[in-house]
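Can you make the complete structure from the sequences, with help from the hints?
For the sequence shown, the positions run 6 to 337 when the numbering used here is used.
Careful: at least some of the hints might be erroneous.
To be verified - Below, computed lysine to aspartate or glutamate pairings styled on DMTMM-like, alpha-carbon distance capped at 25 Å: (1) 199 / 228; (2) 76 / 279; (3) 206 / 228; (4) 29 / 11; (5) 281 / 311; (6) 227 / 201; (7) 286 / 35; (8) 206 / 157; (9) 76 / 311; (10) 237 / 222; (11) 76 / 222; (12) 175 / 187; (13) 304 / 80; (14) 199 / 241; (15) 173 / 311; (16) 303 / 157; (17) 230 / 201; (18) 230 / 196; (19) 304 / 81; (20) 304 / 181; (21) 77 / 11; (22) 175 / 311.
Said to hold, decoys possible - Each pair of labels, with its calculated beta carbon distance range: (23) 275 / 148: 17 to 27 Å; (24) 169 / 147: 38 to 48 Å; (25) 208 / 170: 52 to 62 Å; (26) 208 / 243: 15 to 25 Å; (27) 30 / 183: 33 to 43 Å; (28) 35 / 234: 46 to 56 Å.
In short, the hints are calculated from the structure, not lab data. C-beta: ideal position from N, C-alpha, C; glycine also.
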Amino acid sequence: MKRILELFATGTYSLTGIRSEFLKANIIGEKGKRPMPISSISYVLRNPFYYGVFLHKNEIHQGSHVPMISKKMFDDIQTAMVAFGRPRHDRKKDRGFLFRHFAMCGSCGYSITAERHTKKSGLQFHYYRCTHKSKKEKCEERSFVRQEKFLEEVKRNVGLVSIPDEWKEKFLARIETWESDDSQDRQTQIDAFKAELILIKQKIDRINNGFADGSLDILEFKELKNPLVSSKADLEQKIVALEKGKANRLEPLRNFILEANQAEKWVKEENWLEMKSFLQKVGSNRLLRAQTLTVSFKKPANLLAETVLAVRSTNDFSQQSSRWWSLSGSNR
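Following this line, the structure appears as structure tokens:
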């Protein structure tokens, strides 16, 4: 279920498209054991239960269950519901055009569509072009881009945010070093807080004893004890937060390195669906102009793209190595 939610959050699936993923996972309707109806799938995708809350009498309550997805991913799913949620009725029109509406025109900002041209000989050619739907903005892009050229542009952009096997291993080793340092720093903090907590508990015990033997009246007792109890609670919460925080904070970075390495394999395999989803995840503002596709990469993909371009600009191995290491510098 988590995998399906992650897929739909990419914005590349319609409701009818994601229904096949439900079927592959054997998530089917209770009645008749048939594929779930679109209305049920829509309800599932709008259910906030998966990010850790639940609705009761139209009021949202915090659940005690472990969230399956993040709130951000749930928001991405709702965005995808608006943009891609409706079943596509004209399936024949979209057949064979995986990248229809994937990019925007770099001139007028309208969507890039696809066309199939058939010659008298029967040969078919696929093209991508601007829809030219703007009535206010004059579009200067009048050329058609052959599908082969467009796909090469997709591969080129994915290649900018991919990591070879050799450097994947080196980056992962660096992350392990950071994790070890991070763990030691956290433990030092925890030990310091626990030592301070012991002192506060001892003070509270002495105040309790003083009140019990009558050396402190009720006002003195409260005046001395209340701030200590507040400090004790604060320290206990800090210790719990640090201990829970031992869950790897560097895990997102590790996942990015692994996915960027996988991207290199998708390019070699020409796995267009994965490359499309990957570019939608790590980049925005995909613009097609002068037969060139440009992607505005988000962090940290933008840093990786800059590094890859810098590495490609030199043939000197030592300089290439230096460029790669600049990506895994002290700034995590």
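Holds or violated: residue 175 with residue 311, Cα cutoff 25 Å? Roughly 18 Å between the alpha carbons, so the hint for residue 175 and residue 311 holds.
For the pair we were handed, residue 230 and residue 201, check the Cα-Cα distance against 25 Å. 16 Å, holds
For a C-alpha distance cap of 25 Å, please report whether residue 303 and residue 157 respect it. 21 Å, holds
Taking the Cβ atom of residue 35 and the Cβ atom of residue 234, is their distance within the range 46 to 56 Å? 53 Å, holds
Straight-line alpha-carbon gap residue 227 to residue 201, limit 25 Å: 21 Å, holds
Hint consistency between residue 77 and residue 11 [alpha-carbon to alpha-carbon, up to 25 Å]: Roughly 11 Å separates the two Cα atoms, so the pair holds.
Does the Cβ pair residue 30, residue 183 satisfy 33 to 43 Å? Since residue 30 and residue 183 have Cβ atoms about 36 Å apart, the given range 33 to 43 Å holds.
Given a hinted range of 15 to 25 Å, is it respected by the beta-carbon distance of residue 208 and residue 243? For residue 243 against residue 208, whose Cβ atoms are near 18 Å apart, the range 15 to 25 Å holds.
Range hint 52 to 62 Å (beta carbons of residue 208 and residue 170) holds or violated: 58 Å, holds
Going straight from one Cα to the other, do residue 29 and residue 11 come out at no more than 25 Å? 15 Å, holds
Measure nothing beyond the straight line between the CA atoms of residue 199 and residue 241; if it is 25 Å or shorter, mark the hint as holding. 8 Å, holds
With respect to the beta-carbon atoms only, verify the hint that residue 169 and residue 147 lie 38 to 48 Å apart. 39 Å, holds
Hints 7, 8, 9, 11 from the list above are not met by this structure, while the remaining hints are.
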